[in-house]
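Trainee: Single-letter residue listing:
There are 2 protein chains.
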Amino acid sequence: MTGALVIVGGRERKEADNVILQEIARRAHGGRLVLATVASSEPEGYFEAYRPVFQELGITDLVELYVEDREQAHDEAKRALLDGATGVYFTGGDQLRITSQIGDTPLERRIYDLHRQGAVIAGTSAGASVMSDTMLVRGAGAESHRVGDLRMAAGLGLVKDIVIDQHFAERGRIGRLLGAVSQNPRTLGIGIDEDTAIVVEGDAFRVIGSGAVTVVDGHRITHSNIADAAPDRVLSLFDVTLHVLGSGDRFDIANRRPEAADGAASGD
Amino acid sequence: MTGALVIVGGRERKEADNVILQEIARRAHGGRLVLATVASSEPEGYFEAYRPVFQELGITDLVELYVEDREQAHDEAKRALLDGATGVYFTGGDQLRITSQIGDTPLERRIYDLHRQGAVIAGTSAGASVMSDTMLVRGAGAESHRVGDLRMAAGLGLVKDIVIDQHFAERGRIGRLLGAVSQNPRTLGIGIDEDTAIVVEGDAFRVIGSGAVTVVDGHRITHSNIADAAPDRVLSLFDVTLHVLGSGDRFDIANRRPEAADGAASGD
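Residue numbers (our numbering), protein chains in the order written: chain L, 26 to 293; chain X, 26 to 293.
Next comes chain L alone, as it looks inside the complex (with noise of 0.2 Å):
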């Protein structure tokens, strides 16, 4: 059976305390983590952070996983990292880093195997949205969406059909979820704050941690001019259904429809 995926908006308490890890370490069921760091250019120190904070919480065989080029990513001695791993989790720095260097490696491929055999695969900041088959690499933050102002690319696409942007409510970031949405608003935004996650389960995800979910369903939209206007116009875009989801409440992904954490479902 497929593992869950734990997405995280970057940030997240370096505690044992801390839910987000736990939900980690947990799903790990006390087997190997691969710390993968793949995203930073200069990862010295990522594996020193959680290292302590894992160990508290049952993880005795944490290893990093980290390329120089794409070239290491071909090595045995790498993927054999990965071999009886029980969890991946993706640290931050540049999404694209992580698809240029893995994308279409053997890495990339025992990652998918892992995943599918049930191991928890994770990611923080670019390492969550790397999730996604089409990942937000660049966009302003604190401004309102600009037409021409965005760039995506292609992501690992361990979710569908959903666009992640994390460091959400702290750099002001609604505007560039709301143009990647615009862009093809079958795909779903979801927007997560710092020390915050989405624990994805089949098609659902529950929110854990301290800030809140942004979700940005564009299935109603009835106007926009993204496709029309200048590059450096205001994106114009009408009727666009927000969730703001907290600590318990779900989300179903398949029916577009949150649920409360206190049980109670949201009619449509």
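Any given hint might turn out to be false.
Sample of chain X residues facing chain L (criterion: CB under 10 Å; computed from the structure) [what the hints assert, rightly or not]:
#1 D119
#2 R163
#3 D174
#4 M177
#5 L203
#6 S207
#7 D228
#8 R231
#9 V232
#10 N250
#11 A252
#12 A254
#13 V259
#14 S261
#15 I278
#16 A279
If you want the ones that stay clear, here's a sample from chain X, every Cβ over 12 Å from chain L, calculated [said to hold, decoys possible]:
#17 V238
#18 R258
#19 L267
Treat the hints as calculated values from the structure; they're not laboratory data.
The beta carbon of each residue, even a glycine, is placed where N, CA and C say it ideally should be.
Here the structure of chain L is known, so what remains is to put chain X in place on it, guided by the hints.
Mentor: Frame of chain L; chain X shown alone:
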């Protein structure tokens, strides 16, 4: 006939080619424009910043209205500044300073009269927030909204059933605007970016300026924890309708429907 309102998101460019200041000047019809700097406890410099621009735009009779304290708001000499005015422009600072100094005074009543007689009433930043009957006074930016984290107060009430926020995208204020709307979804939330304005005439407005206007419509909200949860809980809110409007787009407040700049109405 009641005059227009020009509600500005702050930091409008102080240049004669700025469409916002042009709009205010045009609607003052070359008559007296009163620059009300009441919102600031240190009003020095405001008048000087605007004077040359408005002069260039044909406003030769620009006067400053400032009150040190509430007593001055009863001065006949202060009130006389408004005699025959064809426009009033509230500058930035603290919206509570405006209402606490001139609320329920002859100055406030004189401004209502002017508005009813056709004068344009404009306001930027704090001067924008103060336009509504209930105004947003304080709330965190750049983070998701916490249930208890909002201060509202009675505003000037020049527009009904609306709550206005300013410096909107720039300060990441979507969270607090959602919070304000969740308190009573009858209230339409309007977030105005810097150097951007809405021109309200009757029951509709049009967007001008370089940024966007975000409209939060809570009519279809199916769930909110605003009344139940502890003050430090994240606001959980389902089924908000959101519109982003750029320059030239219009909004029908009565029917809560946006209309695109190209004239194509967006059906429901």
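Trainee: Against which earlier hints does the structure fall short, listed by number upward?
Mentor: 1, 2, 3, 4, 7, 8, 11, 15, 16, 17, 18 and 19
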